[in-house]
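Trainee: Can you make the complete structure from the sequences, with help from the hints?
Protein chains in written order, with UniProt numbering: chain A, 1 to 345; chain B, 1 to 345.
The hints are simulated quantities; they were obtained by calculation from the structure and are not laboratory data. There's no promise every hint is true.
Just so you know, same-sequence chains aren't split out, so a pair can sit in one copy or run between any two.
Pairs of lysine-lysine residues, derived as DSS-like cross-links and limited to a Cα-Cα distance of at most 27 Å, are as follows [unchecked claim]:
hint: 1; residue 1: K191; residue 2: K81
hint: 2; residue 1: K26; residue 2: K3
hint: 3; residue 1: K194; residue 2: K181
hint: 4; residue 1: K88; residue 2: K3
hint: 5; residue 1: K81; residue 2: K35
hint: 6; residue 1: K312; residue 2: K149
hint: 7; residue 1: K313; residue 2: K260
Number of protein chains: 2
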Amino acid sequence: MAKELTVAIVGATGAVGTQMKEQLLKRNFPIKHIKFLASARSAGTEVEFGGKTYTIEEATPEAFEGVDVALFSAGGSVSAKLAPEAAKRGAVVIDNTSHFRMDPNVPLVVPEVNREDLAKHNGIIANPNCSTIQMVVALEPIREQFGLKNVIVSTYQAVSGSGVSAIEELREQSAEWEAGKNVEAKILPVKSDKKHYPIARNVIPQIDVFTDNGFTYEEMKMINETKKIMHMPDLPVAATCVRVPVVSGHSESVYIEVEKEASVQEIFDVLRNAPGIVLQDDISTQDYPMPLFVEGEDPVYVGRIRQDLSNKKGFHLWIVSDNLLKGAALNSIQIAESMLEDNLL
Amino acid sequence: MAKELTVAIVGATGAVGTQMKEQLLKRNFPIKHIKFLASARSAGTEVEFGGKTYTIEEATPEAFEGVDVALFSAGGSVSAKLAPEAAKRGAVVIDNTSHFRMDPNVPLVVPEVNREDLAKHNGIIANPNCSTIQMVVALEPIREQFGLKNVIVSTYQAVSGSGVSAIEELREQSAEWEAGKNVEAKILPVKSDKKHYPIARNVIPQIDVFTDNGFTYEEMKMINETKKIMHMPDLPVAATCVRVPVVSGHSESVYIEVEKEASVQEIFDVLRNAPGIVLQDDISTQDYPMPLFVEGEDPVYVGRIRQDLSNKKGFHLWIVSDNLLKGAALNSIQIAESMLEDNLL
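Mentor: Below, the structure written as structure tokens:
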């Protein structure tokens, strides 16, 4: 990969944007030139990258001239407005918001699962929802070997999925609780929604706002994105998404039914050899994944694998990954790396 | 209920025992005389009850002479040894440990579900596991109306289920985390198990020790106890039990399949009129149960009820209750009250 690229980051100061910068450096992404873009309000702010200081420029359509890859993570409305402008100017947009994910003209990609979809892009690639990514990374190798006919997931999602202000809110509420003060809630479950509830010492069964069918948008993202990424439009998928007082690292209790009979040992073997996965499952040593221990780690960790006691083709899995890394920033950079390797950039 | 009873509490100083005392007072249980029993080591300690001070006596077999109801919550080995001795002396034992729960000669009772089983007692009644109780209270009225053919549950369980020392551990770890110190773990997931993990800022997919089939005892309790209480030995039940950093209040994400077609509105109607349940489900006002708000409350709260998008007979429920109350102490006292009303005491 001698080629070097001009990279733009839109939303570099957010929880995901910060990780994007780190991933670019850590993975030695071949950068010729990098620029940082934001709204007029944030333009002029300084940002550090690789020991140098950069001034954030205003994200105008023209700012994308000459950009090869534009990494967006500044909210759906920013992507809606500017991603097509960037694409029009020849940049490949890798968008971390939900805005384009279900657009049939936009590939929604987890490289371990559907890297081949990258070739079909029209200037914009969507990065899936954090909770979806880690689940499909674990399910795809099982599907390849044994088929897949049902998925039911309950999530235990970290506050960092709601951004830096939600992490701060958890810290403040914890301190208030320690001090015996009244705990105030302003951000979670959804900053723009009507009511807010404390997350310290609590779990909140709402992530994103509600849709008319009673599911939240987060739940519908998991349902619809899983089908799209896995190319299984008719796969039954159900999700219940819950916020827990964890800083980073989403956990998922997943029930699946496979098509062909399988044993736990066979599932172990499949996952042990699958890309991006660490099998962490040894009950004799109480070894299983936990969010506190995956923070800052790249892989998707899978454990607690059990065959259902009433259904031989039913399996229970416990899937944990850092939602800011494989769930967001890392997957975005892996998309760019895959496109480079596949001569799509 | 003019009858007044002699009550013994074994394990009055634990998390559940403390709630048992409060429930007896709050519900005006007809007490003629009360005595507090514990191991020789704790005998002599003083305990408050209803404004009076009592001295804890040693729990010898003879201490149960003249006792009408003995409430046990001092660990399985204490119950194993002393519950039969108490029963032999004419006391009815209501045992909060898991020791006798699956004994075919011991009724396992949630009064809202299988009160009729109380009549079959042989001196010992078992109080089910906390996470089981709140689930069957919610499932029974649905089963009555629509049948039940499958249950898959993922839990979000509070630390108080592991006792006072686990609550203290969460508090200490939170303070250590706030202070930037290393967080030490000594109690959770299971005090007697080999390894301990922090619960602050974490979730732990292990409650109780592991069984050979890969499920934990807690998961097997939910599976086996649900079948026994509901009189459905062949009901497929699957459980994944997870500890979360919540003080009190267990939450459960439950997927069920019913026999007859039903609508969400019909499930609402059934639950609204069911005993012991508060239906808390209005997405227009973000109204759903959360553990922080059920602490100290008697009912089982149910919300987030959704029809599965791929299976008309599939429904998702979110069930929350105070694990020390309906999950333990309250259910024990309700068993005693039911027995009084049914002339079994």
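Trainee: Could you figure out if K194 and K181 sit no more than 27 Å apart (CA to CA) within one copy, between two copies, both or neither?
Mentor: So K194 and K181 pass the 27 Å test inside one copy only (23 Å; across, 36 Å).
Trainee: Please sort K191 with K81 into within, between, both or neither, judging by C-alpha distance up to 27 Å.
Mentor: within (22 Å within a copy, 55 Å between copies)
Trainee: Given identical chains, is K312 near K149, meaning Cα to Cα at most 27 Å, within a copy, between copies, both, or neither?
Mentor: both (13 Å within a copy, 16 Å between copies)
Trainee: Is it within a copy, between copies, both, or neither that the alpha carbon of K88 lies no farther than 27 Å from that of K3?
Mentor: Within one copy only: 22 Å inside, 85 Å across.
Trainee: Using 27 Å as the alpha-carbon threshold, which applies to K26 and K3: within, between, both, or neither?
Mentor: For K26 and K3, only the intra-copy Cα distance (18 Å) is at most 27 Å; the inter-copy one is 75 Å.
Trainee: For the identical chains here, do K81 and K35 meet the 27 Å Cα criterion within one copy, between copies, both, or neither?
Mentor: within (19 Å within a copy, 73 Å between copies)
Trainee: Since the copies are identical, ignore which copy is meant and state whether K313 and K260 lie within 27 Å (CA to CA) inside a copy, between copies, both or neither.
Mentor: both (7 Å within a copy, 24 Å between copies)
Hint check: no violations occur; every hint is consistent with the structure.
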